[in-house]
Each structure stands twice: as C-alpha cells, then as structure tokens.
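Colleague: Next come the chains, spelled out residue by residue.
2 protein chains.
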Amino acid sequence: MNELKLALLGFGNAGRAFAEMLLEKQEEIRAVYGRDVLVTAISTASRGTIVNSEGIDLEKALRDIETKGIFGDDTPGLCSLSSLEVVEKADCHVVIEMTPLNIFTGQPAISHIKKAFSLNRHVITANKGPIAWAFDELEKEAKERGLCFYYETTVMDGTPVFNLVEHTLKFCKVTEISGILNSTTNYILEELAKGKPYDEILKAGKELGFIEADPAMDIEGYDAAAKVTALLNVLMKAGITPEQVDRKGIEGITAEDIKNAAERGKVIKLLCRGQLTDNGVKASVKPVEVDREDMLAAVDSTTSVVSITTDLMGKLSVIEHAPEIQQTAYGIFGDMIRVLDAEK
Amino acid sequence: MNELKLALLGFGNAGRAFAEMLLEKQEEIRAVYGRDVLVTAISTASRGTIVNSEGIDLEKALRDIETKGIFGDDTPGLCSLSSLEVVEKADCHVVIEMTPLNIFTGQPAISHIKKAFSLNRHVITANKGPIAWAFDELEKEAKERGLCFYYETTVMDGTPVFNLVEHTLKFCKVTEISGILNSTTNYILEELAKGKPYDEILKAGKELGFIEADPAMDIEGYDAAAKVTALLNVLMKAGITPEQVDRKGIEGITAEDIKNAAERGKVIKLLCRGQLTDNGVKASVKPVEVDREDMLAAVDSTTSVVSITTDLMGKLSVIEHAPEIQQTAYGIFGDMIRVLDAEK
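Protein chains in written order, with this note's numbering: chain A, 73 to 416; chain B, 73 to 416.
With the rest of the complex left out, here is chain A (with noise of 0.2 Å):
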C-alpha cells in the first residue's frame, strides 16, 4: 500500500482534532484513494516530540495528552528535536504547520515551510503568518518545485474561501474583500453593548476561553490585519504585510459610543477591507457602525463572515456560524484530500 505520510509541527487543540478526524475518516480515505495516512512525526514545545517513520499511534498519543498532557515515556520514537529538526529528519510527503502564531513576523513558521520545501515536501499551514509575511516568496518557490501549498484554514477555518475562489469562481477577477474575522472583538463588543464594564468582559471572557490571556492582539486589530493580508496577499495578489494595513483596534470604543450607535440603528463591528484601487490594492481594519438590519449586524460572537466582489459574480458571503475546533481541524484534513488528489 502506498502511503502519506505527514509530519505535523504542533499538536494543539487544532492538531489533536485533527489526528481524531484523520483516525475517523482512514477507512473512507483508503477506499477512495487507495491510500493509507500515517503521521510519522509530531513535534511539540512542552508536550515531547516523536519521530517514527512506521506510524505513530495516534490513538495512544491522543490519550497520553489527554491523561498525563505528555507523550509517554514508552512512545516509540520519543526525541527532544525542535520542529526544524524534525521537518528535516521526518520520513514524510507532507509538513503541517501548526505552531504558535507570532503575528509580527511569522516566524518560526516561515523557517519550518521554506526547510520542507527545500527537502522537496508538501506543506499545509494552519498558521497564517507565512501567509501575511511571506506568501509570495513561499508560493513561488511552492510552483517552482511542483509542490502542494495549501493555507485554507488560516482565514475563517475550513469554510471555503481560498478555495471557493480558486475552484467555484475560475476566471473571477477578485476587486474587493470585506469581512468580520476576529471573534473576540466581536464578543467585547456585543457585552460592551449590554452594558457591562470593559474589566468584567476580560475576566469572564477570558474564563469562557473566548479571550486570550493577553487580548491586545485582537483588541488592536492585529489579529484582524493579518487575516486580511493573507486574504489580500492570496485571492488580489496584493503582495502587502499587515504593516500596511490602516489598522484602528476597538480599544477606543465605549459603552457610550455603541448606545449612541444603537439609537441611530447602528451596530458597531470591526470590520477589515480590502480594494482595489489605481495604486494597487488597499487594506484596512477598522471599527465602523452598519446598520442593524445589514447582514454583518447578524454576524455576532465566534460566527464569521467573508465577502468577496468579483467582476463575473458580483457581490458573494460567505458565514461560517459558531465553529468549534473540528471546523479547525477540518480546513487542514480538507487541504489534507487536496494533496491527496494531487498525487493522483
């Protein structure tokens, strides 16, 4: 049987639903492709490492996390390589990244992609620095090597949207992205509208794990700015950093402000925006009031929207509605059957 084999760097809430879906779905995959999918590799920051070009068992990592929150001692292959080492040691077809985001530079995410596809490796990202720092320089040496670069679950997880472009929408000229795509401001701004203070919001936020232990990414719309350099960067060739993008977070916005708002029969939401214009392609990330009866109104807490304007098709959205972590692991086992069925 010929196998895929897949290293994933980084098993997180994301990665570990994902090694479920993948044990779920083997035997449909098998019967469609033939194929067997063993995950020769997972590297970790705290959690052990393990190499093993024979298959892990997923089942047993799975439940060692789950009831010790490490791999077992007795997990054949357990290493202390970093994920560099293991992009370059792992027996594998296919690098998933997954490690932590650092969304001033993208490293070391971009490091790890441009080692696998120098050792001629397949790369699927969850992670969306690469794709906001360094898309053009990692999909052009991608199509130089003839290899599979699939990004789908860094915007909006698994909901289509660099693939509904490139599969549903060919020979549409995208001229304009709008999108609600951070939920934690979305969430703020929904308790600041009942009235409650800005403390108690983090605190119970953060409690309902809707809210990072360090929420200024989102709040200062850094998180919203490298979702929509990576929409830019993919679907307008816009070829821009999230430095370039005129960003105003909503750590300005007062309870006043949304009453205010509310009394016009308006809602405050951040909104991201990208157009296209004479001097090439403009990017923005801004709190801006839509009207109550608007469909971007309806978009609230962790649901999602993204709006893209081609010139065949006009205006499309596209809602993802309250996702959990299966939607995440979802974009990657998605890209996943593309590798799949580009190896045809």
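In case anyone wonders, no lab produced these hints; they're calculated from the structure.
Think about it this way: if two alpha-carbon atoms lie no more than 25 Å apart in a straight line, the pair counts; the simulated DSS-like pairs of lysine-lysine are: (1) B:Lys275 x B:Lys320; (2) B:Lys212 x A:Lys416; (3) A:Lys245 x B:Lys416; (4) A:Lys212 x A:Lys242; (5) A:Lys331 x A:Lys275; (6) B:Lys331 x A:Lys338; (7) A:Lys77 x B:Lys242; (8) B:Lys186 x B:Lys212; (9) A:Lys215 x B:Lys242; (10) A:Lys338 x B:Lys266; (11) B:Lys215 x A:Lys416; (12) A:Lys309 x A:Lys387; (13) B:Lys278 x B:Lys358.
Nothing here was measured: the structure is a model prediction, and the numbers come from that model.
Given chain A, work out where chain B should sit, using these hints.
Modeller: Only chain B this time, still in chain A's reference frame:
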C-alpha cells in the same frame, strides 16, 4: 486549433448574457486552454434557429435580437429546426439547456438532455426542471457514458452551491439544507410589510420586472419547491420530486400577520428546508417567522441565501447579493470552464 463547440437551446436574457461573456473572455480561454469556443447552434421558439458548424457570428446574432427581435434573414444556417432536432443535428460537444421551465414536469428539457447524452454530448443546464424531476436518471446516464453534466445555475445563479460541496467540502456529509431561494416572495413580503395592498404590489412588481405575468408559481411556493428539490437531490441524494415537498406558499399571509410578527421582533420569510431523518430526506417550503436579528431577516429582495450543514464543517451559509443577469450567465460560463477542465 482544437475547438469546443456549443449548442445553445434558448437565447433569452441569460443565453444572451452568456454569449456576451463568452465574447469577452474568448482570448483568455484560448490563452489558458489553447482552445477556441464556438457556438454552432442556437435554437429559440420565436426568434429563429441557427445551425452552423463553422461557428455562429455571436456579435451579429446579439445585434439582430437587439435591433429586430429575431435573427436576420442573412444569417448563415438559419433554419426552422426544433430544439430536439437541433440537439440531433448540431455539430457540438456540449448542449446548453436554457429552454423555458415547465415546473410540473421538467419537460421538454429532460428530453433534450437525454437526447444529448444518447449522442455522447456533455450537458450544462440552467433549467432546474431536470434536476428537480429526473436527476438520478440523468446523472446515472452521464456517469455511465463518462460525460459532464453540470447545473450550477439552477439554484442561485452562478453562486457556488453544488460546486461548493463537491469541490471545497470533500468528505463532508450534508445533513441539512435551508434557504431563502425565491425573490418574488421576498419582494412581496417586504412590500406588504410597508403597508401596500396586495394588488398594487403585484401591479408595481410586474412593471418593475420583479414579478412574472403569472406569479402563482412563485407565490404558491412551486418555484421554491423545485429549487429545494434540486438541492436535496444533488447534495443529499434525496431522490425526490417537487411533489414530495411539504409546500405552503405566501398566498395566505396578510399585512396583519406581518405587523403582528413585527411586534414580536419577527420577520416572515418563505423558507426552504431539507433534513436527513430516519425516514429519508424530509423537505418543506413554508412561510416562517425569523428573529429580526437573524441573518435570514437581512436577506431581502433579490438577495438569496443557502445554509448547508455537514458532519465535519457544521453550518455554513452562502449569500448572493442582489444579482443581475450576468450572475446567471456566469453559472453557465463556469460550468463550461469545468467542461474544458474535464477534457484537459
């Protein structure tokens, strides 16, 4: 140059917009696929019929219709063949079915498509009748003969719905579909909400082109039932006909109902639904009250939405905002591009 030859059955607004798009994109298609696309036949009921294996002069055909309403006497290949005879006699690789819909039988479109398959021709249909009334049979025939059978335009114009699931949600099993798919009822309900009397709405809607001469098909939910049947037959292998849809139109909705709903923060919409149950797929078309804050409430006038729930990706919605005839043309155009892809 290897040519792709098309026979167009029907040359109404959508057919003419498709011909214009083809003229506009001909060069680009040649650059990408190395093929010329020729229209070798156009059949109409009242504007004349042309069969010309050298390729019809589309610019002249469009100009003739615009200036004279019929194809000119000087058109090479002008004849009086029926659509079915055109399918038989035209020198073509692809038959594009765009004849008027009979919503109660799917005919004569089904016969046109069967004839095309029997002659080993690919089929693109913009006519939802065949998908609602005979999908399984037609799909089977196409598969057995290795022919393309594409029908993206039949629901929400060129908006990716069928292609969305097939190309971007691989391995996902559809468990539920819902949507607002009929713009006439959307328009009538909105005008009723403004306090206008039913008769005036119909009169004004007909003048504006929003409402057909005989609006019963829309108002009584037949059009929506055909659309939801098409969706369910393709995406959930429902194997049903529109007669099996639990159908209720908006003919019983009064301005009073709408006002009462509004007082409870609700909006009335004609909602299509299909769900997987233990007894197969259950389909309905019914006026329902949705929350004013719901995304569905924001889908007004000619805007439409379909929500698709799958096992792996939860619920996604796709919205087509206020489409024009070009979006219908793109549905046909995109399907034609898929034929070019399939023949690569």
